[in-house]
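Keeping their order, the protein sequence lines are chains L and G. Start counting the first sequence at 1; every next residue gets the next number (the working numbering). Start counting the second sequence at 115; every next residue gets the next number (the working numbering).
Be aware that one or more of the hints could be misleading.
[Said to hold, decoys possible] Reference listing, derived: stretches of chain L covered by chain G, where coverage requires no fewer than 3 residues with Cβ under 8 Å from a Cβ of chain G:
(1) 23-31
(2) 34-48
(3) 66-76
Keep in mind that the hints were calculated from the coordinates and are not lab data. Computed from a prediction, not measured in an experiment: that's the story for all the values here. Note that the Cβ used here is the ideal one computed from N, Cα and C, for glycine as well.
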Amino acid sequence: MAKKKERDVLSIEIQYDETEELEALIESEDFHKLLLDEAIATIKHALTKKRKSARVCYVPNLECSVVLEQRNFNKVLDTAIKFYEQQEDYTQCAKLVKLKEKVNGSEKGNKRSN
Amino acid sequence: MDQKKEIKEVIEQILGSNITMRFDGHDEEDKLKSEFIKVMTAFEEVWQRQNDIDIKYGADFSTYDDPFFRVIEGFINFCFDDVAGEAIIFYIYGRKTDGDEINPFVDPNGKEYYFNNLDELWEFLLFWAEEMMRL
Numbered sequence: 001m002a003k004k005k006e007r008d009v010l011s012i013e014i015q016y017d018e019t020e021e022l023e024a025l026i027e028s029e030d031f032h033k034l035l036l037d038e039a040i041a042t043i044k045h046a047l048t049k050k051r052k053s054a055r056v057c058y059v060p061n062l063e064c065s066v067v068l069e070q071r072n073f074n075k076v077l078d079t080a081i082k083f084y085e086q087q088e089d090y091t092q093c094a095k096l097v098k099l100k101e102k103v104n105g106s107e108k109g110n111k112r113s114n
Numbered sequence: 115m116d117q118k119k120e121i122k123e124v125i126e127q128i129l130g131s132n133i134t135m136r137f138d139g140h141d142e143e144d145k146l147k148s149e150f151i152k153v154m155t156a157f158e159e160v161w162q163r164q165n166d167i168d169i170k171y172g173a174d175f176s177t178y179d180d181p182f183f184r185v186i187e188g189f190i191n192f193c194f195d196d197v198a199g200e201a202i203i204f205y206i207y208g209r210k211t212d213g214d215e216i217n218p219f220v221d222p223n224g225k226e227y228y229f230n231n232l233d234e235l236w237e238f239l240l241f242w243a244e245e246m247m248r249l
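Just chain L, with the same shape it has in the complex (with noise of 0.2 Å):
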């Protein structure tokens, strides 16, 4: 039988040197849009998929995936829509809150099935 296509995981190389240049990694609003989006869409993944987890993007200088478990999913969505309400997009504000519901009924599915 063939399998299924998997998502693309997002690869992404993170190179320094100094402590500063992280820091600037940390202040760059496109890494935190970047990062933040990629978890959304990882998190919808996990969802449709029914998985406890997700695999948020793949670092290879460190051989290493970035993988966030389903009871953090809430506290990922939390910071995407401060994020977005910087940001003034309010219709997404309303996509990640609905998202967000879907994570809570997800979860209580967990719980009663367990």
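For this one, chain L is given, so just place chain G on it according to the hints.
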């Protein structure tokens, strides 16, 4: 502080949540599998080449090549247990019919296994190694 820990902290700060940094690199088993597939592909090509020369040009080199194949088979039997060695040799010599259909490999218990490719042969070898450990 090591880079992995520093990067983890940065990502956690951005996402506002704990994360896990899961090692997804190639481990020793991946390397072993890759080496096995490389060697087996070469073995299969040499066998195929001998057959092709016979079919296309009518030149039968089997007598000339036989000692080389016996050396390869000897090493396989030296490195693997009887059934695993048989499966590997079967994969090259007996897996395909003349019509390119796949013959099953039959283990000593009569169970049939179909190897569509080298990945499936590798999976069988891992399975068989586990079976041997249970005995």
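- Counting residues of the region 34-48 of chain L that have a beta-carbon nearer than 8 Å to any beta-carbon of chain G, does the count reach 3? Satisfied; 3 residues make the cut.
- Message: Taking 8 Å as the Cβ threshold, is the statement that the region 66-76 of chain L is covered by chain G upheld or broken by the three-residue rule?
- Response: As far as the region 66-76 of chain L goes, the hint holds, because 7 residues have Cβ atoms under 8 Å from chain G.
- For the region 23-31 of chain L, does the count of residues with a C-beta closer than 8 Å to a C-beta of chain G reach 3? holds (count 3)
Every hint, counting from the list given before, is met by this structure.
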